[in-house]
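Start from the sequences, fold in the hints, and give me the full structure.
Note that the protein sequences, when read in sequence, are chains D and V.
For the first sequence, the numbering used here gives the first residue as 1, with consecutive numbering after it.
For the second sequence, the numbering used here gives the first residue as 336, with consecutive numbering after it.
Quick caveat, the hints were computed from the structure, so don't treat them as lab data.
In this text, a Cβ means the ideal position worked out from N, Cα and C, and glycines have one as well.
Treat the hints with caution; some may be incorrect.
Stated by the list, open to error - Heads up, simulated DSS-like pairs for lysine-lysine below, C-alpha to C-alpha not over 30 Å straight-line:
1. D:K147 - V:K484
2. D:K235 - D:K203
3. D:K217 - D:K116
4. D:K254 - V:K543
5. D:K147 - V:K470
6. V:K543 - D:K251
7. D:K48 - V:K377
8. D:K193 - D:K283
9. V:K522 - D:K254
10. D:K284 - D:K251
11. D:K155 - V:K470
12. D:K53 - D:K147
13. D:K48 - D:K37
14. V:K543 - D:K48
15. D:K151 - V:K470
16. V:K389 - V:K517
17. D:K284 - D:K235
18. D:K235 - D:K116
As the list claims (entries may be wrong) - A few chain D residues that don't get close to chain V, going by computed Cβ distances all over 10 Å:
19. T52
20. E57
21. R161
22. G167
23. E174
24. A181
25. K193
26. Q207
27. P226
28. D241
29. F247
30. P275
31. K284
32. K301
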Amino acid sequence: MKNRKGAIPIIILLGSWLLFVASVGWEPDPIALKIPKNWPKPAYDFSKNPLTKQGIELGRRLFYDPILSRDSTVSCSNCHLSFTAFTHVDHALSHGIEDRIGARNSPALMNLAWAKSFMWDGAVNHLDFQALAPIAHPTEMDHSIEKVVQKIKTKPGYQARFFEAFGDSAVTGERLLKALAQFELTLLSANSKYDRMILGQEKFTEQEHNGYQLFQKNCASCHAEPLFTSHEFEKNGLPLDTSLNDFGRMKITKLPSDSLKFKVPTLRNIEFSYPYMHDGRFKKLRDVLNHYTQTTALDRKIELSPNEKVDLVAFLLTLTDREFLFNPDFSFPRD
Amino acid sequence: MKKVIPWLLCLGALLSTQAFVLWQEKNIGLTVHFQPVFQGEKIVLDKALRISEKDSFALHTLRFYLSHFVFLKNGTVVLEEKNSYHLLDVENENSLILTFEEAQNLDFDHIQFNLGIDSLTQISGAMGGDLDPTKGMFWTWQSGYINVKLEGFSAKSPARNHAFQFHLGGYLAPFQSVQTVKLSVPKGRNLQLQMDLAPFFEQVDLAKKHSIMSPGEEAVALSRILANSFSIYEK
Numbered sequence: 001m002k003n004r005k006g007a008i009p010i011i012i013l014l015g016s017w018l019l020f021v022a023s024v025g026w027e028p029d030p031i032a033l034k035i036p037k038n039w040p041k042p043a044y045d046f047s048k049n050p051l052t053k054q055g056i057e058l059g060r061r062l063f064y065d066p067i068l069s070r071d072s073t074v075s076c077s078n079c080h081l082s083f084t085a086f087t088h089v090d091h092a093l094s095h096g097i098e099d100r101i102g103a104r105n106s107p108a109l110m111n112l113a114w115a116k117s118f119m120w121d122g123a124v125n126h127l128d129f130q131a132l133a134p135i136a137h138p139t140e141m142d143h144s145i146e147k148v149v150q151k152i153k154t155k156p157g158y159q160a161r162f163f164e165a166f167g168d169s170a171v172t173g174e175r176l177l178k179a180l181a182q183f184e185l186t187l188l189s190a191n192s193k194y195d196r197m198i199l200g201q202e203k204f205t206e207q208e209h210n211g212y213q214l215f216q217k218n219c220a221s222c223h224a225e226p227l228f229t230s231h232e233f234e235k236n237g238l239p240l241d242t243s244l245n246d247f248g249r250m251k252i253t254k255l256p257s258d259s260l261k262f263k264v265p266t267l268r269n270i271e272f273s274y275p276y277m278h279d280g281r282f283k284k285l286r287d288v289l290n291h292y293t294q295t296t297a298l299d300r301k302i303e304l305s306p307n308e309k310v311d312l313v314a315f316l317l318t319l320t321d322r323e324f325l326f327n328p329d330f331s332f333p334r335d
Numbered sequence: 336m337k338k339v340i341p342w343l344l345c346l347g348a349l350l351s352t353q354a355f356v357l358w359q360e361k362n363i364g365l366t367v368h369f370q371p372v373f374q375g376e377k378i379v380l381d382k383a384l385r386i387s388e389k390d391s392f393a394l395h396t397l398r399f400y401l402s403h404f405v406f407l408k409n410g411t412v413v414l415e416e417k418n419s420y421h422l423l424d425v426e427n428e429n430s431l432i433l434t435f436e437e438a439q440n441l442d443f444d445h446i447q448f449n450l451g452i453d454s455l456t457q458i459s460g461a462m463g464g465d466l467d468p469t470k471g472m473f474w475t476w477q478s479g480y481i482n483v484k485l486e487g488f489s490a491k492s493p494a495r496n497h498a499f500q501f502h503l504g505g506y507l508a509p510f511q512s513v514q515t516v517k518l519s520v521p522k523g524r525n526l527q528l529q530m531d532l533a534p535f536f537e538q539v540d541l542a543k544k545h546s547i548m549s550p551g552e553e554a555v556a557l558s559r560i561l562a563n564s565f566s567i568y569e570k
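Following this line, the structure appears as structure tokens:
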């Protein structure tokens, strides 16, 4: 018994030493994003937020957790559903908390490491900061990052996950945003029929091939391969919807020349990301193509016969990536 | 005796950490104290400040970023603070005193800093500390730090509750609101800096302009006025 008493302080010392080692010695498992062959260099600076298994998993949990909204009812996935290319289908304008209707169609999320700006008007300059907008917007989550951080601190399980991801259990705005960004950066779509055709693993049908040529002639200047977006802001000839009065990019730059310019969206997985355009005014790809051939507001006239439109749609369907849409790593986390 | 040894080990560990803390406290470096004033008088939040016989206002919030501190001697940089971002908040007296550990015995004749956050930092993604977006100094609807938050009440303001609200920021050309301040300093002691808001409230007519919440020409103009309000305070 005497010896045991002497052991107590040693245990204390040993315990605190272990804690010390744990706090400075913990390293999460690094993960490298697989950059598809022949793709450009990502825009995201991974050195400032290195991907790790634990960081991605924390981000995924946050993405699917309605705790981000004021009344804990709405999560990111409400408007960005994995099975529909991470967008809100069937709704022209996405709805958030208490069924409040927003002013824009939620964008599909994929290949975000290559994106240079976010939102239809480029209001957000970095993927890390993107989540701040829906969290605070009154028609989306109607909350604030300060309150979200407070709530997450007291929710069981999160502190341990923050420790695993960042080697420290403190929940901060920076870490929360970086974890969300880590998960979003993994949403890579690069295994469509088009990609396999490019790699020589699969062949297009004659119709798809014809559609591809029409695409390259008429669409590729904005929807540039391989990401199917130039990441620029362009006028697409849509007349102003006076019920929304959304002038797009001009709101950010205050330049009249940017009036009615919107970010060029990717066409990948477009089969699943309906409705289309910034305000979701078109339900079918056919409607979109009809707009482009009918509008007189574009600098360059796009001419397509009805048969050519059918071929072009056939090509657009080759951009569907089922591995991406049904990837279990992207769906709701189950314990 | 054997029983005592582990306890002594414990005590030794405790004492050495205490000694380290004491040693650190002693080596505090150069302090720079920023004091927001109005016509030379220390600003107390929610207290009426008189512009003229008939005109007064009260400040409710004054928070601003100072960044990229540089110390110069004969025009040459002698010290550049690393990771130099400071959020100063009149509500929190401690935040108004900045300590530069490396500048303790530094020979310099000018101090330079930015009022606000530079464009490169603005586009570099989420950061921690004073730059953490939970500090309430980051716009959510359009990326960018709010360089200065200046809010209060004035009978002249036609807004609800006679409030005025200036959220000054913006980093995109041509509306970069960050301002560089460079001041000549007396030699060899801790610095007292004043930020006198009198020119601001003389030049901004709250009856006409009571609210700025987004980047633009006006935010840049008002940021310039504020940048000129800094001076070295000499007793």
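Original post:
Does the no-contact call for K301 of chain D survive, Cβ to all of chain V over 10 Å?
Top reply: Given a closest Cβ separation of 33 Å, the condition holds.
**OP:** Taking the shortest Cβ-to-Cβ distance between Q207 of chain D and chain V, state whether it exceeds 10 Å.
**Re:** About 43 Å separates Q207 of chain D from the closest Cβ of chain V, which puts it past 10 Å; holds.
Original post:
Is it the case that E57 of chain D keeps its Cβ farther than 10 Å from each residue Cβ in chain V?
Top reply: Non-interface label stands for E57 of chain D: nearest chain V Cβ at 18 Å, farther than 10 Å.
**OP:** Test the statement that K193 of chain D is away from the interface with chain V: the closest C-beta pair must be farther apart than 10 Å.
**Re:** holds, 34 Å
**OP:** Starting from K254 of chain D, check that the Cα of K543 of chain V is at most 30 Å away, please.
**Re:** holds, 22 Å
Original post:
Non-interface claim for G167 of chain D: all C-beta distances to chain V beyond 10 Å?
Top reply: holds, 13 Å
**OP:** Decide, holds or violated, for the assertion that all CB atoms of chain V are farther than 10 Å from the CB of P275 of chain D.
**Re:** holds, 24 Å
**OP:** Hey, is K284 of chain D genuinely clear of chain V, shortest beta carbon separation above 10 Å?
**Re:** holds, 31 Å
**OP:** Assess, step by step, whether the Cα of K543 of chain V is no farther than 30 Å from the Cα of K251 of chain D, and give holds or violated.
**Re:** holds, 23 Å
Original post:
Do the alpha carbons of K235 of chain D and K116 of chain D lie within 30 Å of each other, as the hint requires?
Top reply: holds, 18 Å
Original post:
Given the hint that K235 of chain D pairs with K203 of chain D, does the C-alpha gap stay at or below 30 Å?
Top reply: At roughly 34 Å apart (the allowed maximum being 30 Å), K203 of chain D and K235 of chain D break the hint.
Original post:
Would you say T52 of chain D is clear of chain V, with no C-beta pair closer than or equal to 10 Å?
Top reply: With a cut-off of 10 Å, T52 of chain D remains clear of chain V, as the shortest Cβ separation is near 16 Å.
In the structure shown, a violation is registered for the earlier hints numbered 2, 7, 9, 14, 16, 23 and 24, in ascending order.
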